[in-house]
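Working from the sequences, and respecting the hints, build out all of it.
The lines below spell out each chain.
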Amino acid sequence: MAPSGLLIRKIDEIMPRGSSLWADTLRNIVHRRSAIVGAVMLFFLIVTAVFAPLIATHNPEMVLLGVENVKRRSPPCIHLLGCPSDQPQHLMGVDGNVRDFFSRMVYGSRLSLQIGFSTVSFAIVVGGLLIGAVSGYVGGWVDNLLMRIMDVILAFPYLLLAIAIVTVLGPGLINALLAIGIVSIPIYARVMRSSVLSIKQMDFVLADRAIGVPPARILFRRIMPNALTPLIVQGTLGIATAILDAAALSFLGLGAQPPTPEWGLMLSEERNQVFTAPHLVFFPGFAIMLTVLSFNLLGDGLRDALDPRLRHR
Amino acid sequence: MTRYIISRLFMAVPVIFGVLFITFALARVIPGDPCRAILGEKATDAVCEKFIREKGLDQPIPVQFAVYLKEIAQGDFGTSFRTKQAVTEMIVERLPQTIELTIAAMIFASFFGVLLGMIAAYWANSKVDVAVMIGANIGVSMPVFWLGLMLAYVFALLLKDTPLWLPPSGRLSSGITVENLTLLWGLEPGHALYGVVSFISNLVILNALITGNWTALGDAIKHLILPAIALGTIPMSIIARMTRSSLLEVLGLDYIRTARAKGLREIWVIFRHAMSNAMLPVVTVIGLSLGSLLSGAVLTETIFGLSGVGRIMYDSITARDYGVVQGFVVVIALIYLLANLAVDLSYAVLDPRIRLD
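Residue numbers (this note's numbering), protein chains in the order written: chain A, 1 to 313; chain B, 1 to 357.
Hints may contain errors.
To be verified - Pair ranges (Cβ atoms, derived):
1) Val125(A) with Gly212(B): 55 to 61 Å
2) Val125(A) with Tyr347(B): 34 to 40 Å
3) Val40(A) with Ile107(B): 36 to 42 Å
Unchecked claim - Some, not all, of what chain A presents toward chain B, calculated at C-beta under 8 Å:
4) Arg148
5) Ala164
6) Leu267
Don't read these hints as lab results, they were simulated from the structure. All values derive from a computational prediction rather than experimental measurement. The beta carbon of each residue, even a glycine, is placed where N, CA and C say it ideally should be.
What follows is the structure in structure tokens.
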């Protein structure tokens, strides 16, 4: 706990206790060990994604057939760990198309992060900021109608609905992301609606209304900033789910298309080789798991730090 | 209670109507020509015209929707474009597999989830607790398809020739079969119970139990273990977390202290006093995980070579087999709605303070 203790003291120096919501939040997050672990894992992932061209040892799409003396699906060869030095070095082996698997894994981190952030941003904007906020603020039949539509979406097992939407739009990474975004709209709509509903009853909103602030301004400038916290928490956890779902769609052949180095697709391409070349199945799945885990840990920590009411749920 | 059930069922009507509409609409906006998707690229215009007229696809969309609703009300889900098989028949054939898999996964998830959660809560903040919670965090982050493949690798290949070996695919080993109950009991296809009996007949484990076929029973259970673990790991982790936090809350209450003070045995305190109050949120989570189980079934069935609902849905959606998709989606949505209703009703049983009217 020493490093986090140091961090807390640093935060205390810069921003005294109780000075601002963000300082308190930061202090709370640093207290949560799981959030720290998640943030560190995520940091390494982002570094990998940003510096992918420097970290990768090969071009991720280059076929090494005839370039190097390697066999298809050969296992990892690391010189430091005793692989004979006359063989070319491949940290995670070579895939079925004779491409360096490590470089593909490194580039895959870029896609994985983009997938997570883009789908959740879409779902937060459409589901939370539009549908949820309007539903909670306007109420009445608008609320009823919008929430019943959300119920209908929730009545489907989400992956099947996502598959159906991708089929309509046509397979491809962008369409898969859109499908996952649409399917996750109800979650954000409900979260936002319930916080808008409770904030709407507060005195400062009544005061705003009494002095004649226009409704749209009350909603967007006064209520929404106060209702964002649960949405941020839900979003962090939602990124984890979105990455899992996108990988699942790619695994089924409906998401990223070859030769994109996307982890779900890479796993799917080699899944029949699990008994002969297990490393090609192990690494992508393990990477997906670590990425999802980092967002889950960070999300749990954020939830505890930002919203004490939700603790232990 | 009865009144509550009836009103809840009425509330479900608009949702079911919405589900029907969305499946109908999705199937109609899928790009591409259903005729050539089914009859092949080489189908001539004349053949296609006849096909479209026969299937009623030339009617205005509202008319098609009305016809579709009427047929469903009569229990007729149409026939598959591809296999010419009645969709109801396909449901009877495929649904039992998925039900078996889902129930097995649910049992695995609930049993181990509640057990691990109790252990973690009882020894809260100990090393055991930390280990269980790390495990649960990893569990929820695991891609179902990856876990399935890794389990298959470990149990079917690495542990080959050991007693721990488990089969990586299928429902029964080749050479092992179960009896067809409709033939066994001499039921004709027209018989009122024919559908129900063939449904039971396709539930391999139940079938083996009824007919006393112990070889098939053991074999079927062996085939079910790996898919159930793969599918049940995420819900198990969620249930473990929920049980832990819910039990921790209850264990801090005064009545638990009273129970301990009057000298009750610890095991009695936990199981009888604490768990009965801590189970409420856990039951909710178990019920809600049904949706993710049905989603995960597509992936699990793909990996373990099972041809259940998940698999047929995927195949039919990609092949634009409208009727099949619609039929199965309606059935799945109904199961899901009923499961949620069952969860709400179980509240009243678990907590007598809750009155449902």
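Each hint tested on the structure:
1. Val125(A) with Gly212(B): 55 to 61 Å: Holds: the Cβ-Cβ distance is about 60 Å, inside 55 to 61 Å.
2. Val125(A) with Tyr347(B): 34 to 40 Å: This hint holds: roughly 35 Å between Cβ atoms.
3. Val40(A) with Ile107(B): 36 to 42 Å: 37 Å, holds
4. Arg148: 6 Å, holds
5. Ala164: 5 Å, holds
6. Leu267: OK, holds: Leu267(A) within 8 Å of chain B, min 6 Å.
Taken one by one, the earlier hints all hold for this structure without exception.
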